[in-house]
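Given the structure of chain U, go ahead and fit chain C onto it with the hints provided.
Number of protein chains: 2
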Amino acid sequence: MLKLIPNRIEIRSGNQYIVLLNETTAHILDLHIGDRVKVKNGKYEATAILQISEDGIKDGHIGLYMEAWKELRARRGQRITLSLADKPLATKYIRKKLDGGRLTTEEIDEIIKDITDDNLSDIELTYFVSGCYIHGLDNHETAELTKSIVKHGSKLDFGNRLVLDKHCIGGVPGNRTTMVVIPIVTAAGLLMPKTSSRAITSPAGTADTMEVLANVKNEAPKLTKIAEKIGGFITWGGGVDLAAADDHMIKVRHPLSLDPEGMLLASIMAKKHSVGAKRCLIDIPVGEQVKVQDIRRAKHLRARFIQIGKILGIKVKVIFSNGEQPIGNGIGPLLEAQDVMKVLANAPDAPADLREKSLYMAGILLELGGKAMSGFGYRKAKKILKKGQALEQMNKIIDAQGRKRLPKNASLIYKVKSGKEGKVSYINNKAISRLARVAGAPLDAAAGIYLRKKLGDTVKKNEVLYEIHSNNADRAEFSKDMSKKESGYTVK
Amino acid sequence: MLKLIPNRIEIRSGNQYIVLLNETTAHILDLHIGDRVKVKNGKYEATAILQISEDGIKDGHIGLYMEAWKELRARRGQRITLSLADKPLATKYIRKKLDGGRLTTEEIDEIIKDITDDNLSDIELTYFVSGCYIHGLDNHETAELTKSIVKHGSKLDFGNRLVLDKHCIGGVPGNRTTMVVIPIVTAAGLLMPKTSSRAITSPAGTADTMEVLANVKNEAPKLTKIAEKIGGFITWGGGVDLAAADDHMIKVRHPLSLDPEGMLLASIMAKKHSVGAKRCLIDIPVGEQVKVQDIRRAKHLRARFIQIGKILGIKVKVIFSNGEQPIGNGIGPLLEAQDVMKVLANAPDAPADLREKSLYMAGILLELGGKAMSGFGYRKAKKILKKGQALEQMNKIIDAQGRKRLPKNASLIYKVKSGKEGKVSYINNKAISRLARVAGAPLDAAAGIYLRKKLGDTVKKNEVLYEIHSNNADRAEFSKDMSKKESGYTVK
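Residue numbers (my numbering), protein chains in the order written: chain U, 1 to 492; chain C, 1 to 492.
Just so you know, the hints here were simulated from the structure itself, not pulled from any lab data. Incorrect hints may have been included.
Straight-line Cα separation of at most 20 Å, PhoX-like style, residue types lysine-lysine; simulated pairs [to be verified]:
1) U:Lys92 - C:Lys251
2) U:Lys38 - U:Lys87
3) U:Lys92 - C:Lys291
4) C:Lys484 - C:Lys430
5) U:Lys291 - C:Lys92
Next up, chain U with everything else stripped away, as it sits in the complex:
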């Protein structure tokens, strides 16, 4: 214990209390960066994370970031006592996972509680991710991880009503089935409150596409009301904070793009569990250029989803879909939203693949929800769509969330043409996604790619394969050049 002179540091540190010592003082106290210390000013005390500053703080002084300064009611001329605090119990369990151990329910819960409360440093969190990445999490650990994430996050509560949900493993551009499925399923009277993600490395996530039509930053109480009234919504998950611990873990997974399987599964299932879903449809697209590249891995994931679902009390149905080309024609928020609205409006130029995949998925969900006999779900979904009930329902959802004015289509359109005659034999999802991003998606909602040809289509020489949409001349030029180097299409 040492009495230190407090210096006020004019920075907010967020949820953690942070204090600063210089190297000499830290050495005298035998403290290291990231150590937890107990700081005390009379009756006020806090546990803070220690940072060591190379200059600015004098010997015997302690820098207090604004939150710590306030919490300790510090004032000039006072003295702060400092002592080493115990390490959180969670670090012991993280070490156990690093050493290849299997974590118990209580151990996982302790870790997740500390992650949610911001009690762990990035370094400690990274060790947890490393341990889970290298040693894996079994089904029980994954289910417990899911429960803890939900327990320490916000929840939506619909009492005893049956809640349905869906999830699609990423990687297929244009895969906006959610925006067709939710209107159909909720039009049938089922409850399906859907949270979706934004684009991370893709040109658009469902949340970005929905945001073209409606507000997707809604708070939990409003969302609960919307779902109770009209059966569902399509909102951005990040706006509801349903899985705060998961967001923290994703943050440290990002620098190395790590996807520890158990964390991936828990991350998905936590979102279902937090809205109280009891039936869930999972779509696993399989293809060379998507996340799941072979059927063996798809089957492995299916088995895990079903087992983890059982532990959580969620009936999970898994389908495998073709991930070899984009779904629909538009890629980018506005172009995808237009595809969706065409399907819902039964427009003659609506993309058939998006419609069919959505009907198939909606059919399964209607069966899972008891609104159709086994084998009759697809037909029922089609009927709801054809009658215009799905469109009507989508408009209700949009209005409830807050309708937005549709942006204009992009001002610059460049047509990429085929150099020869033949059939489209291969479409590179990643190359097409990259072009859409370079054109400006998702930041520029109208930017992206509009496909004129899909796999198996016959193409004449100089016929248009796809259009690049952009509102920025530099970006348009750059993506045009890129498409010349690699169009992403193979015509044979």
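This is chain C only, laid out in the frame that chain U set:
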């Protein structure tokens, strides 16, 4: 790319450039915490690490920490362009190690270069440590790691002269052989420039003990001169920056107290390699309460030290020593320094175990250095000590480094007595170390423990086992209470 309004943030960030965006701007740009971004102001540019601040920075603004502000020659009213920078190649190799791969010379060097240059975030560094911890580093990887740490750090160069070194694996309190060995070996005309560490979790490191007698924060050019003139020195390694990358790695190992074996070995060998050592003696104490707890592990480490030494061109000799009780009588900087000086002065009350162990080690080094025939090293070492040449040499070293005034012995001394008659059958190193730390070591140099009885000694009832030395009444009281609960001694 986006033009952003610069805000000057009055914080130094150390070696890294750091910039701040708020969440909205970061989202629009699809950037995450820890991303590397290229920031540009006209012809001035820098690669910076992105932090996301929850408040303080407005939409479309960018916060520049002082280093970035200066580097970009930023001024109010200007606009900063920002774009995503490539991830360092090193992150790919870190991922490879996490996935269980074996790293090549080039890959390891790229990682260490980036660590030294502060190009990797703590999260990335933690992933590297995790990968090395779980998957291990083989002898070649460890040798390459050693070479890279040395290549990218400072070095001491003694031309073609034969350089000797020693190292002791930690955990034995009072083990200050270095301070006896260096004077003997250098008195014989050999070159032995020694860098030592400070206490981490022990009551004193060699650097702390030497610091009682002399300045241990010397810079490389001065140290080179001292060694060239008188053959050696005993200084604090942290003051010379011989292994900067190693210090970075230790920083992220600290929160979970991780000691990945390969990193431990590389850390030790790098210090030898950076002073150009060609012969090295490694002491591995074995005991229940020290780092290496069984002879199997000691033999495993011996084999690795020798193999890695071969790759590095260092002839390594490994000895196993008894780690079952402290060496010498004093524990704590001043008490240990007094033990050392008594041995050097051939004082009648000098601790025999410290003298014998030091003579044994000095003997081996004299043989390794060609100053004694095989089997005659011990005798030669003893002769140098007895003649007072070692003491004379130690005084030269102290004067060259900068003599300090010896502090007074502690004002409060509490005697811990035996409750019964018998023989000392067990001494708990960890319990004794803890008492010394609680009494105030190493912060208070005079604080610590002075042992009056060692293993095998006969004890009468109420005879003193050891003394607790302290200058602080609270600490004295606390350690007294602790010693009552657990004295650390077993008398049978």
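These are the hints, each one checked on the structure:
For a cut-off of 20 Å, the pair hint linking lysine 92 of chain U to lysine 251 of chain C stands: about 18 Å separates their Cα positions. Taking the CA atoms of lysine 38 of chain U and lysine 87 of chain U, the gap is about 11 Å. The hint holds against a cut of 20 Å. Using a Cα cut-off of 20 Å, the hinted pair lysine 92 of chain U and lysine 291 of chain C holds, with the two alpha carbons roughly 19 Å apart. For the suggested pair lysine 484 of chain C and lysine 430 of chain C, the alpha carbons sit about 15 Å apart, so the restraint of at most 20 Å is met.
For the hint linking lysine 291 of chain U to lysine 92 of chain C, the alpha-carbon distance of about 19 Å falls within 20 Å, and the restraint holds.
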